[in-house]
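Chain by chain, the residues run as shown.
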Amino acid sequence: MDTRNTNLVDELTCQQLVELVTEYLEGAMDSTTQERFATHIALCRPCEEYVDQVRLTIGLLGRLDSDQANTYNPPPKLLEIFRGWREPRAES
Amino acid sequence: MQPAAEADLLAALRRGDEAAFVTLVNRYQRALLRLALSYVPSQAVAEEVVQETWLGILQGLARFEGRSSLKTWIFRILINRARTRGERERRSAPFSDLAPPDNADEPAVDPTRFIPAGQEGAGWWVTHPQSWEGMPEERLLAAETRAQIEAAIAALPESQRAVISLRDVEGWSADEVCTLFEISESNQRVLLHRARSKVRQALADYLER
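If you read the sequences in order, they're chains S and V. All residue numbers for the first sequence refer to numbering that gives the first Met the number 0, where the first residue is 0 and numbers rise by one. All residue numbers for the second sequence refer to numbering that gives the first Met the number 0, where the first residue is 0 and numbers rise by one.
Everything labelled a hint here was simulated from the structure, so no lab data went into it. Check the hints yourself; a few may be wrong.
Unchecked claim - Cβ-to-Cβ under 8 Å is the rule here; a few derived chain V residues that face chain S: (1) E17; (2) F20; (3) V21; (4) V108; (5) A121; (6) W124; (7) P128; (8) L140; (9) I148; (10) G170; (11) R195; (12) V198; (13) A203.
As the structure is a prediction and not an experimental result, all values here were calculated from the model. Yeah, the Cβ is synthetic: ideal placement off N, Cα and C, and Gly gets one too.
Let's have the full structure, built from the sequences with the hints guiding it.
Given below as structure tokens:
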């Protein structure tokens, strides 16, 4: 921000804001703090960038396994384990 | 899983239905492996632990009373085994890299990025975060970027790694994670916050080179 007028961002500093991001994204803030937070990022480009970076990070985390096939074929060992568990019971 | 569907699956499994077992493995194997890695040092050990978990699940089926969801129960067994195995691994390899401890008071962002207290503009960014808007999507989704993220996750302390794995990678709800670890929502949120902050930083370091 060019004008570092603390009145414009209602007391919340950038350094405080970055510690509140998760609370904000989880929707766990009281309405006063939430408004303060929203006002700050509306007026502070760097903080808006930061929150966007966090959002993007979360998005990428969610896509980490996206290249893997949706169907996971159990390794043969697991099926062996299952059948080994099942058989003694069938006999009893 | 809906309660009715879960109950059916459970019943089928108890009857020895292999298809039900395959369904369950299909559904949870990846998440189990990923969570195991929060506690044990290698993929190979994680696979062993998960295998033992499945056997434990089958053997414990008769005792499962349904007080928790099947999913919670399965993952609790995993955590139990993974923690035990993790401790054993650490004892037998005392000089190997230990996971960093969950730190009580780490800020999300390096404090030197902000104007210090007592100065004009205290608390404001000194150097602004770069915009990632201009980054091409192919770069963000590339294998190398993914590898960086995985490395960042692997460097996290145990609890932070477990929480971010389940919440952000596997998509569990806050409720599910809190129930699994028997921690409060705010406790869970602190762990998630620290983990996300570190991963963001690692990504920033990589993307902004």
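Now the hints, each set against the structure:
| no. | hint | in the structure |
| --- | --- | --- |
| 1 | E17 | holds (6 Å) |
| 2 | F20 | holds (5 Å) |
| 3 | V21 | holds (6 Å) |
| 4 | V108 | holds (5 Å) |
| 5 | A121 | holds (7 Å) |
| 6 | W124 | holds (5 Å) |
| 7 | P128 | holds (4 Å) |
| 8 | L140 | holds (7 Å) |
| 9 | I148 | holds (6 Å) |
| 10 | G170 | holds (6 Å) |
| 11 | R195 | holds (6 Å) |
| 12 | V198 | holds (6 Å) |
| 13 | A203 | holds (7 Å) |
Hint compliance for this structure: no hint is broken.
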